Amino acid sequence: MPEPLLEVEDLRVTFRSRGGAVPAVAGLSFTLHAGEVLGIVGESGSGKSVSMMSLLGLIRNTNCLVEGTARFQGRDLVSMRDGELRALRGKDVAMVFQDPMTSLTPVYTVGWHIAEQIRAHEPVSKAVARRRAITLLEEVGIPDPARRVDDYPHQFSGGMRQRAVIAMALANNPTLLIADEPTTALDVTTQAQILDLLQRLQRDHGSAIVMITHDMGVVSQVADRVLVMYAGRAVEEGPRAEVFRRPSHPYTWGLLGSVPRVGAERQRRLPTIPGSPVSADAVPPGCPFQPRCRYRHDRCAQRPPLEGPGDHVDACWLPQDQRPELRARVDAVAVAAGDPERGAVR
Amino acid sequence: MIGFAARRAASAVFVLFAISVLVFLIFFATPGVDPAARIAGRNASPETLAQVRAQFGLDEPLPVRYALMMKSLFWTQDLTSYVNRGTEVIPQVLQAVPVTLSLVLGAAVLWMVLGIVMGTLAAAWRGTAVDPVIVLLGVVGVSMPVYWLGEVVNLITQSRLHDSVFSWVPPLGYVPITESVGQWALHLLFPWLTLSVLYAGIYARVLRAELLGAMGEDYVRTARAKGVSERRILVKHALRCSLIPVVSLFGLDLGALVGGAALLTEVVFGLPGVGRLTFNALQNVDLPVIMGCVMYAAFFVVLANALVDLVYAVLDPRVRHA
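Residue numbers (the numbering used here), protein chains in the order written: chain Y, 1 to 346; chain B, 1 to 322.
By construction, these hints were calculated from the structure, which means they are not laboratory data. Each hint should be verified, as a subset may be incorrect.
[To be verified] DMTMM-like mimics (lysine to aspartate or glutamate), calculated; alpha carbons at most 20 Å apart, straight line:
1. B:K236 / Y:E122
2. B:K236 / B:D218
3. Y:K91 / Y:E67
4. Y:K126 / Y:E138
5. Y:K91 / B:E88
6. B:K71 / B:E47
7. Y:K91 / Y:E122
8. B:K236 / Y:E138
9. Y:K91 / Y:E36
10. B:K236 / B:D253
11. Y:K126 / Y:D150
12. B:K236 / Y:D76
Note that this is a predicted model, so its numbers are computed, not measured.
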């Protein structure tokens, strides 16, 4: 087994607030190998973005405390000084953010942005950086890149901007690309194009990708491995096929159950997970999902460890052998709950 | 860019025309205001009044009078004062303009530099002791009225400490830059400082707020994720974007000050500028001089705004392409 690219162990991100310490990420561990695509899924506020941004030192809030270890190519990111981390950002680890409309400085051209990215880490002339910017824009599928390189962000459409942002992120051939909901702000057709682009670039450049999303569809399309987060913790992790075929945590069941199926007969309301996501400052002791779980029992008062057969792990006390049957019952209950609406939906 | 400039210039000319008509109507067509009675003096006979009207063209219809006024203001440039007979208006204004321009432009450079430096430092050192100190200094600057601060400065530099520390300070007044650059600057030094203190305080506060807002923007996070240094993020990204609203504020202030709003500073420091000229003309209801001053002021306000729009277009590509 080669040494992993990124090994996060017991990552904790805590915000000090007037109401006391709020743990946004409470003991997250995962491993990422070179060239692998990890999809991190979870509801808003589950700590997906915060965990990744804390690794890169992008949370400037002075009330934020980051603990644990995160070895990237053998070096711990958490204990790294800001200067070292800055040398790493954009060079070895690049990040693409959610909203391409606001993630570029409006007063500079697209080419300027890419050139800035290149020149931040490589001592090349402006002319060379510009030529490389044109090549990169071409690579991400911007038509007429030699002309569009001098366009301002507002002259690009949303999808094109995200392409430009991706071109910028890839400018220094990072070994790890963190994509924080890169398709959320785009329309569906553009989403598919951007995902295709990311997959193609991932093949060509060989970068590992951490794809943060709340869209199960995105994960099923691009990820090699899936990490499901809830309330700042991993509740399930495993290879994509395993997690989608045999999801083992009740929360994952809920997530998958709430995806509408194209082609299936439309006979009921979409099932939902009852209750609402826990706020980070009110996570119950024990299993964080228990208030919303149909199968809560006495053991749930204790925190379940993340374990399971092989490399498909989950944090749940339910006996492994009964899970398929229990999952089927969840779906049945959801269908029943949707019944009164039947007439209205049809 | 050239098309943008041309469009802007055309609209500036139109605004000036509209202002001239408006001012003319206010002073010459307001019921109860009779310039002839003012020129002819108190208790003038109806014959004298009629004579004065004919002499000054005041018996013509309004549009003709407007045209005559504009002709003597811009074309023949021989508009004369109603109060001091024979004194031409244009030379008076032209004499006052360099004084006001010297005062305001010098102060503007000072307050922009001071304001930008203070605002940027305050934003950069937010959370440390530097930020509140700068903000406090700004508040002090804003709270001191120009006439009070100017008098205090005069008291210290011209009287109390004039024999020791400030013996190099020249007496109040104005020396043209064409005569002696050194004396010009020396005479204007304290007026500049006094006028810029107020504006530097305002600009520092505005810029600080803009910067703090900009530092929370997504593009700053992107720049940070690129591995760009904090200083570069502050200057190249946040400051560059925050300057846009500051420039529009600057245009308004500059236009107003050049147009005569620096009156208090001019009076306190004995500078014979446009503000003082307007003030005197208003006291005597000297209509041609008022007309000349207002047109001049309007010209600078419009010019300053046009310039600001141009600078805006340079600073913000979104405006240029709109």
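Going back to the hint list, which numbers does this structure go against? Structure breaks hints 3, 5, 6, 8, 10, 12.
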